[in-house]
Amino acid sequence: MTILTRRDALKLGLAGGALAFATPSRALVEIVVSGGNFVPLPIAIPDFASSDASFGAEIAQIVRDNLKRSGLFAPLDPATLPVRVGDVSGTPDFATWRTTAVDALVMGSVERGGEVSSQVRVWDTQAAAQVVGKAYTTDAQNYRRIAHIVSDAIYSALSGGAGYFDTQVLFVAETGPKANRVKRLAIMDQDSANLQYLSAGKALTLTPRLSPRGDQVVFTSYEDGNPQVYVAGLGGQSKKLINNAPMSFAPRFSPDGNAVIFSVSNGGATNIYVAGVNGGKPTQLTDGTAIDTSPCYSPDGSRIVFESDRGGAPQIYIMGAGGGGAQRISYGEGTYSTPVWSPVGDLIAFTRQSGGQFQIGTMKPDGSGERILSASNSVQEGPTWAPNGRVVMFFRDPGGDAGPGLWSVDIWGRNEISIPTESFASDPSWSPLRA
Amino acid sequence: MRSVSPILTALKTAALVLLVVSVAACSRNGTGVGNLGPGGGAPGSQQEFLVSVGDRVFFETDSSSLTNDAMATLDKQAAWLNQYANYKIMIEGHADERGTREYNIALGARRAAVVVNYLASKGVDQRRITSKSYGKERPVAICNDISCWSQNRRAVTVVQ
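Going line by line, the protein sequences match chains A and B.
The first sequence: position 94 = 94 (this note's numbering), numbered continuously.
The second sequence: position 44 = 44 (this note's numbering), numbered continuously.
Don't read these hints as lab results, they were simulated from the structure.
Among the clues, some could well be false.
Simulated crosslink set (DSSO-like; lysine-lysine; CA at most 30 Å straight-line) [what the hints assert, rightly or not]:
(1) A:Lys68 x A:Lys281
(2) A:Lys178 x A:Lys134
(3) B:Lys88 x B:Lys76
(4) B:Lys122 x A:Lys202
(5) A:Lys134 x A:Lys68
(6) A:Lys240 x B:Lys76
(7) B:Lys76 x B:Lys122
(8) A:Lys239 x A:Lys202
(9) B:Lys122 x A:Lys178
With these hints in hand, go ahead and build the complete structure from the sequences.
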């Protein structure tokens with residue numbers, strides 16, 4: 001069991017930009033994020049003070065929704081709070097707040113003009129102490145980001161880990177009949193807002209992945225007839241990664257963003273290659289008649305996890321970044337596919353087929369500690385990691401004429417939730433925290 | 001702080017990828033996709049290949065081995081293709097939906113390769129043959145049980 005105390009969180013909260021105000025004292029509130037008897041932390045978030053009251057209410061609601069969706073927090077109904085609007089200039093009346101059964105209180109303010117600015121203080125109501133006090137700004141066109149940045153600060157202060165709210169999800173938006181689905185690249189904020197379509201859907205487009213800096217996309221497209229890997233900058237032109245491969249697919253960026261690793265099928269064999277992000281002659285990393293696919297680098301770039309049926313059925317293997325010496329790490333019943341290394345490095349997420357079910361799970365890089373986070377009789381696959389390594393998103397397809405949707409679950413197998421999208425959606429790729 | 005990127009405006013456009021196979025319509029309950037289409041077709045026509053020879057073979061789950069039925073169909077395909085050597089052919093490999101997207105592209109490629117190699121072993125000039133894999137992206141039978149999955153695990157010989 002891991003207990004992340006607020007003392008740890010205080011260090012993070014004080015790491016920069018703190019408002020000069022109350023001196024934080026050692027606080028008592030903690031979130032126990034693993035273990036069987038987890039209870040979400042009750043938290044009070046009055047509407048943010050603002051010269052535009054409805055704007056202050058909107059920002060506060062985005063923050064409440066983020067924290068509630070994480071599964072770690074239980075925001076109280078703001079209509080029930082003894083104070084309805086935030087006050088960042090004074091010290092809360094802790095005697096009043098102690099009657100409300102909350103452990104933490106967020107007081108915020110927000111204003112918008114040329115840019116959006118917000119101040120936020122997080123208080124430990126039991127210890128009567130400030131946990132964090134910060135001020136932020138963002139550009140006005142993108143005002144919802146201020147709520148996500150504030151949400152990350154609260155999450156980090158109280159759970160001890162980095163946040164993941166100021167992020168986007170790249171995915172494939174699916175429309176039309178199943179036998180001839182139109183698939184378009186799309187990107188949205190992690191809370192489903194600000195949806196943008198990135199391609200017109202004239203060609204079948206699959207498995208988009210964001211670069212480590214979130215500024216480039218690599219994906220598989222059938223625009224030349226056969227599946228091929230393409231690279232594009234957000235806002236830029238797409239370009240085929242390499243020529244002369246009969247079929248190339250399953251691309252992912254290297255951790256430094258300078259290379260792309262992918263599969264090539266030729267004559268029935270599928271092997272793994274790597275090429276510079278600007279193309280050039282690829283380097284072959286596996287060599288055989290098996291199917292080697294779904295490669296993914298470790299965060300330090302030294303190793304590659306991938307799927308291979310060289311042993312007779314799909315299993316997960318790890319090899320060095322230069323290829324060779326592959327070691328199998330999955331040994332449970334059934335087959336294992338789509339391994340994806342956590343950005344934190346401690347876990348590998350995968351899709352497992354066992355007993356007629358599709359399961360999303362994690363294991364340590366040495367193959368130990370396997371944990372199934374989600375199991376379904378429907379097809380579900382394609383895990384992607386939140387940048388803090390605590391939440392996994394994937395897609396589930398009920399089959400028949402229905403279509404896929406996005407889901408997320410935390411690494412303790414709790415809080416499985418549907419991610420709303422305006423069309424069917426598949427192949428999610430979670431961005432890093434935005435800079 | 002980085003501003004939001006504008007829409008990726010210029011992903012290169014290309015012609016819509018269309019399946020050129022004309023197949024019997026599949027019904028909602030998953031029956032109906034087979035090798036029989038309406039009409040017989042003149043000797044040497046694509047319609048004759050579709051109707052009288054049979055344009056597709058089926059595979060077991062997660063297998064690329066040719067069944068006896070598949071080999072019988074491919075024998076007929078090879079004989080026809082050797083008789084009408086003016087055609088080029090495209091072998092499309094497909095998988096059912098009960099596998100992951102990326103593995104299924106590779107599995108479809110492997111199924112297509114098995115068919116290419118078999119036809120070549122029966123005397124069809126390899127230079128006439130190309131192949132591609134659709135993975136699980138283009139099912140012909142739409143339902144949620146094995147009656148459909150078994151029809152989607154296929155390799156289709158498209159006469160061009």
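Agreement of Lys239 of chain A and Lys202 of chain A with the hint, judged by alpha carbon distance not exceeding 30 Å: 16 Å, holds
Does Lys178 of chain A pair with Lys134 of chain A here, judged by a C-alpha cut-off of 30 Å? Outside the cut-off at roughly 49 Å; violated.
Holds or violated: Lys122 of chain B with Lys178 of chain A, Cα cutoff 30 Å? The hint is violated at about 35 Å.
Is the Cα-Cα distance between Lys88 of chain B and Lys76 of chain B 30 Å or less? 16 Å, holds
Please work out if Lys122 of chain B and Lys202 of chain A have their alpha carbons no farther apart than 30 Å. Violated. Lys122 of chain B to Lys202 of chain A sits at ~37 Å, over the 30 Å cutoff.
Satisfaction of hint between Lys281 of chain A and Lys68 of chain A, Cα-Cα up to 30 Å: Not satisfied, since the Cα-Cα distance of roughly 48 Å exceeds 30 Å.
Assess, step by step, whether the Cα of Lys134 of chain A is no farther than 30 Å from the Cα of Lys68 of chain A, and give holds or violated. 21 Å, holds
Check whether the Cα positions of Lys76 of chain B and Lys122 of chain B lie no farther apart than 30 Å. With a Cα-Cα distance of about 10 Å, the restraint between Lys76 of chain B and Lys122 of chain B holds, given a limit of 30 Å.
Holds or violated: Lys240 of chain A with Lys76 of chain B, Cα cutoff 30 Å? 38 Å, violated
Against the hints set out earlier in the document, violations occur for numbers 1, 2, 4, 6 and 9.
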